[in-house]
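Chemist: What follows is each chain in one-letter form.
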Amino acid sequence: EADIYQTPRYLVIGTGKKITLECSQTMGHDKMYWYQQDPGMELHLIHYSYGVNSTEKGDLSSESTVSRIRTEHFPLTLESARPSHTSQYLCASRGRDRGIGNEQFFGPGTRLTVL
Amino acid sequence: AQSVTQPDIHITVSEGASLELRCNYSYGATPYLFWYVQSPGQGLQLLLKYFSGDTLVQGIKGFEAEFKRSQSSFNLRKPSVHWSDAAEYFCAVGAKNYGQNFVFGPGTRLSVLP
Chain A
758 EADIYQTPRY LVIGTGKKIT LECSQTMGHD KMYWYQQDPG MELHLIHYSY
808 GVNSTEKGDL SSESTVSRIR TEHFPLTLES ARPSHTSQYL CASRGRDRGI
858 GNEQFFGPGT RLTVL
Chain B
59 AQSVTQPDIH ITVSEGASLE LRCNYSYGAT PYLFWYVQSP GQGLQLLLKY
109 FSGDTLVQGI KGFEAEFKRS QSSFNLRKPS VHWSDAAEYF CAVGAKNYGQ
159 NFVFGPGTRL SVLP
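Protein chains in written order, with this note's numbering: chain A, 758 to 872; chain B, 59 to 172.
Calculated from the structure, these hints are not laboratory results. Each hint should be verified, as a subset may be incorrect.
What the hints assert, rightly or not - Label-pair distances were calculated between CB atoms; the ranges are: (1) Ser61(B) with Pro796(A): 39 to 45 angstroms; (2) Ile770(A) with Ser110(B): 42 to 48 angstroms; (3) Ile857(A) with Arg135(B): 18 to 24 angstroms; (4) Val809(A) with Ser128(B): 21 to 27 angstroms; (5) Gly808(A) with Ser110(B): 49 to 55 angstroms; (6) Ser138(B) with Met784(A): 19 to 25 angstroms.
To be verified - A partial selection of chain A residues facing chain B, derived with a Cβ cut-off under 7 angstroms: (7) Leu768; (8) Ile770; (9) Glu860; (10) Gln861; (11) Gly866.
Every residue gets a Cβ at the ideal spot worked out from N, C-alpha and C, and that includes glycine.
Could you put the whole structure together from the sequences, leaning on the hints where they help?
Modeler: Here you go:
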């Protein structure tokens, strides 16, 4: 069973707060991703990781940072949240290609609102 | 560079009617192709994928898609839409070069009339 978890599901915080969005997967996947998505809009890749101690910025510039010190865990941190950070954040993972078109598995998302 | 287009931003169909959602991609070779569905406030769920072989692929929830190399298309179809199919649908391209990330289309929002 493919499982990828995100916590919290919903978060409302004030401007200037530091927050960490958690993402964990139990599939042993080496690749993990963070996407930012406004309601009804397209996905924007903001960070990805190909394995432990490997992180890269995605196509969309983001003030967030990520870390990958364990295979299963890929948290995203905002040092000082602003209203412009209000969005939905989706985490995904992907295993090694075995010639069968392995897909990305998505978590349920975190809906962040910064007041 | 890879790109994915979904020409229809929003489609409305009546329940029981057939559905076709369009997806066109740009890529130098045959990529992996995916269709995902997203319900409001949720993550993305894989409907089906194409990686090789038969160009007509079957997925979950009664969906199917056909890969047409000559048209660089991977259109999603369903013969009879249910009200629960109302959602956002994303087409994605994943290169067979494992080092490259997926490219997602902008999405098509499906509304279903009773």
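Chemist: Which numbered hints does this structure break?
Modeler: Violated hints: 1, 4, 5, 6, 7, 8; rest satisfied.
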